[in-house]
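A.B. asks: For reference, the chains in residue letters:
There are 2 protein chains.
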Amino acid sequence: MAQDLKTPTLEDLIPGGETFRSAENLYGLQWWGNQCVKPDIESVALINPATGKEQIITTLEKVNKTLESNELPLIHSFYSVRFPWEGKSEMLIPVPGKYVVYNWKTNQVVSTLDYPKEAANRDYNTASGHVAYTIDNNLYVDDKQVTNEPEGIVCGQSVHRSEFGIRNGTFWSPKGNKLAFYRMDESMVTEYPLVDVTARIAETNNIRYPMAGMTSHEVTVGIYNPNTGETVYLNAGDPKDRYFTNISWSPNEEKIYLIEINRDQNHAKLCEYSASTGDLERILFEENHDKYVEPQTPIEFLPWNDNQFIYQSQKDGYNHLYLYNIDGTLIRQLTQGDWLVQSVLGYNPKTKEVIISSTEISPLQSNLYRVNTVTGKRTAIGNSEGVHRASLSASGEYVIDNYATPTQPRNIDIVRIKDNKAQRLLTAENPYKEFKMPTIQTGTIKAADGVTDLYYRLITPADMDSTQQHPAIVYVYGGPHAQMVTNGFMNGARGWDLYMANKGYVMLSVDNRGSSNRGLEFENATFRQLGIIEGEDQVKGAEFLQSLPYVDGNRIGAHGWSFGGHMTTALLLRYPEIYKVGVAGGPVIDWKYYEVMYGERYMDTPESNPEGYETTNLNNLAGNLKGRLLMIHDDHDDTCVPQHALSFMKACVDARTYPDLFLYPGHKHNVIGRDRVHLHQTITRYFEDHL
Amino acid sequence: MAQDLKTPTLEDLIPGGETFRSAENLYGLQWWGNQCVKPDIESVALINPATGKEQIITTLEKVNKTLESNELPLIHSFYSVRFPWEGKSEMLIPVPGKYVVYNWKTNQVVSTLDYPKEAANRDYNTASGHVAYTIDNNLYVDDKQVTNEPEGIVCGQSVHRSEFGIRNGTFWSPKGNKLAFYRMDESMVTEYPLVDVTARIAETNNIRYPMAGMTSHEVTVGIYNPNTGETVYLNAGDPKDRYFTNISWSPNEEKIYLIEINRDQNHAKLCEYSASTGDLERILFEENHDKYVEPQTPIEFLPWNDNQFIYQSQKDGYNHLYLYNIDGTLIRQLTQGDWLVQSVLGYNPKTKEVIISSTEISPLQSNLYRVNTVTGKRTAIGNSEGVHRASLSASGEYVIDNYATPTQPRNIDIVRIKDNKAQRLLTAENPYKEFKMPTIQTGTIKAADGVTDLYYRLITPADMDSTQQHPAIVYVYGGPHAQMVTNGFMNGARGWDLYMANKGYVMLSVDNRGSSNRGLEFENATFRQLGIIEGEDQVKGAEFLQSLPYVDGNRIGAHGWSFGGHMTTALLLRYPEIYKVGVAGGPVIDWKYYEVMYGERYMDTPESNPEGYETTNLNNLAGNLKGRLLMIHDDHDDTCVPQHALSFMKACVDARTYPDLFLYPGHKHNVIGRDRVHLHQTITRYFEDHL
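Which chain is which? The protein sequence lines are L and Z, in order.
In this text, residue positions in the first sequence follow the working numbering: the first is 10, and each later residue adds one.
In this text, residue positions in the second sequence follow the working numbering: the first is 10, and each later residue adds one.
In case anyone wonders, no lab produced these hints; they're calculated from the structure.
Check the hints yourself; a few may be wrong.
A pair counts as met if it fits within one copy or between any two copies, since identical chains are not told apart.
[Claimed, not checked] Each computed SDA-like pair below joins lysine to any residue, with the alpha-carbon atoms no more than 20 Å apart:
(1) K659 / D684
(2) K659 / L670
(3) K677 / R665
(4) K184 / L122
Quick caveat, the model's predicted, so the values are computed rather than measured.
Could you build all of it, start to finish, from the sequences and the hints given here?
C.D. replies: Next up, the structure:
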């Protein structure tokens, strides 16, 4: 049977491939109040969430005709159109250089708002109609320049290298009357030179990259009032190189809340500042941990009570919700258990419920619940399978539930929360249904501590002759904030793993201790010794492979990127008798070359943890290299700078060992786009050459 | 028999290896007038050139005792001691920070001259006792600072990237009363960033690297008078970006001679300047060529006639000597024939002879002759074998003749020129006599033009089974100014070639058109199309290999460095059906990334020769890669900048072809020292993996 099917190529399997196959989707699905908006190319429809009935509200032809008569740029589809104004038949159309507010009933342009072509980090506030953006390193609002800083000081952009859940640098107040923004002085941070070889004469693109233990940038928070044109900076005081994270506003726009963390990252404070004076008014509460604290979510006020907010914390060992009074006193812990809350989707003010996703059913899953903020009662939303990503309607009564299971790439339902009644919007076909695909199974093995369960995913060739022994490759990440094995489609298997299994390799991934969705202790077991325990756990995976009759235990390889590149290198150096061939992409080699925020959280500084840095510095193990190791780095990698791979080459030359190397010019911390197929051909060839 | 011998390792064969074996030598042999000085560790002796008798003149013990009592640093041997003062029993002892003049008869320190520890490019004048040196970018003489230029202007150092025979930046007048020096303004030259990954945070070492067709540096020549402390610069006028080469002095120290060349390098002028005013006084004569002129030797005045000088030129097709009058009129051509003069060793004023080395016997050789400047009569000195390097005594009556033949690594004779009577100082043993060594033969094949003879060297395994087919590797350079095949020891074979032959590979080198010692037309056949004709000639070598019954014609590889790296890459891309595996080191990939001086001589500029640059740009051929190509580059390569290899990687990624790459951190335009063994193990492994 399998022989009748096509064998997928890397072009079919790798994102960026010319024939890459991804599961069908409905792009731009969103809420207009409690009605679901379904954009398409030629038209846009509203879906009644209770009945699933669609009604086209306007067409591309109509809209473009109006845009044209207003001498505005035309649009090519409705996918990027937004519907932020419940009750108003107006949509927000972004066109180059302008936001257009458009009434789909009258077919008229209501208003337009211009911004310069070079504007980046645009943040349009749908309540007030103001737009914040940056040009180079300065912040602008509407047509006013807010900051005027020299090179080296960056305003209105994400700071702290986007750790602590930080994703952007502007934060509109609830009604859009004020804008909080980050200002980061990195002029004191040493520049790292990335060389651009595509220039006529190669030139450097310097990045300010604070390395562990070195002088870091200093962040402050400004508040700009578009009505007065005035800016006030928070009086946060010393020390300046601490972390200002998780900005949020009080509902009345008078207070700013920050979770401030010391540089050692073991002490967090929830601080309240006056948005008008910038003065610190209160420290609501503090959180300490021997290892580290890592708040990643701003507090959220209950929509029905301006005096209560929800705070997320791992303080009991798992990320859970805590309801606090505005004076900083705990009202109650809302969720509890040896599972964790992954996200808060929103609220239903009528039922006083908060809607969340969590791992309650399985660490491999993400499922939806409503939690009563008074009683703590949890009720499941949608089904108990797979990985759900959802979007809540304005009233909190409906979700758009986009989920996958190991066998189903995507279903999209509109679910009525109160009774779980679902309207199916999409049942996506398996994009590989005409192809020969390997067999995927998951299970658990014991970690090196003999106690902890680790989840694995094992992929075996579809037509495997189990009487023959096959080479095996471990695809590994192993670091915090990531999980390789899920109950999503194909259990999270990547295209390359499937490709190699089709070529006859047995592919294994194991989420070792230190990885995500298993709680704080599982993650922080690796503190100050990154890679050591993780590697011991991976060895358990290799022993599992060696126990399989169809695996050739002498032909085990490893591949991973970033933290996984570190792991791959570490496995070949620490366990050369097990791992014979590795391909390490964009690896961390020596944590002292990694950045301050992430690096010091897990490793402290080279000064305070010298043994940890020595033990985990793979340059010190370069002489152990016995197998074949290909190290791949991107020459514009601004996350793991090329110094990692190149210092390892030098260490190996000094130690007279023989790694292989490849560099992808012009790429950052991974090879993306069309070249990603080339990358995976390079990786494949290396295992075919040597394993 | 061969089986009883040891097989040499890379450590034995590669310079830098822990057990590298080089032929015995007598270090520091030199002339003190007409007596030969033979330094040793514990003592230093004089040798009577007529009898060969040695007489120890002093010992380390004696000298160090005196140095110690003068509170001077001690010496560890006599190898770096010099004997410049004929008739005076004084020697020059360089110790850190000082020149010591020492009388070996009285055992006294005659004088000392201090220089700062950071002094570089030291040029001690033995006639006057002045020393010139540089600190950073400025020139000093004795304890005076001569120039005071900002960064970007370099004084007293070699200029024009050491092309045109330039090797240093200071030129003492014959009696040491004046100093000519180069001043190079390179502040307008774009900097190329070389990244040092051994710093705590990687940093750039920028070099001023003028690329073909781009803005180049501007050179002037200054003349400093240590007696007056005054400096005058030559009034050379515009255009400023021409070449000021081959500086020499008139015997009376009043004139400076330069050979000035236009940027297009097809027009040379012999110019006379006043050393006191800096004014151009005369252009003695000019030389043009459709392709290029390349004078590499300053004029030399006859020691017995201040009005006549010798000028070297390739104008009749081979480098020959011309005797000129000081007014610029040609007296006579001194040498002629389809062979070339390689160097002028000096003169015998009594016999009015000039002593030269030349290729008259064979292009593979270098032999010594005396040429009568009146009659032109040439008489051979020493034997007619091999490659001779010699040093002439003060009177021109004796030479120290250091030579090698294919079977003899080194002989050192003192030869009395008038009757060729020789005193043997050293017969070096074959450093590999206890080792299994392959068989070496040389011969000629026809070039791709069907007419020109090309010399090859073929190395076959000692114990080769001629009934079996062997893989073959071509070691190639192919560019101007170099020759791989000689009649020196083992015909110039390198250690790696011998190593690979011992492993069963047949090793071939062919000196294609464009290489040295064959005359101008042979060299300049490649003009504006570097690599094309050279490759066609190399294919003839591959066809020769394929004609050999013991060579597997489907397993031919290529390896080379620099121009040879270009050739290796070009062969794999242009002739993928012949060359299956290549290792290209420090290659030129695109001549527009190469420097102005060398690049424009052979290629003109990208603007004036766009087709040539397009045709020879290997990035344009990246899609042709079918075989296995390992490209190796040094990350501090300031000759072929890393942009060559890295742009090729990008071109291959774009073209979806798959080269391999390795970088040696911290090395320049080759891997030297201990790491050179690592390099050759890497190269070896690649051919073993893939050929």
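A.B. asks: Each hint: holds or not?
C.D. replies: Now for the hints, and whether the structure bears them out:
1. K659 / D684: between (27 Å within a copy, 10 Å between copies)
2. K659 / L670: Result: close both inside a copy and across copies, 12 Å intra and 15 Å inter.
3. K677 / R665: between (29 Å within a copy, 19 Å between copies)
4. K184 / L122: within (18 Å within a copy, 82 Å between copies)
The structure fails none of the hints (numbered hints given earlier).
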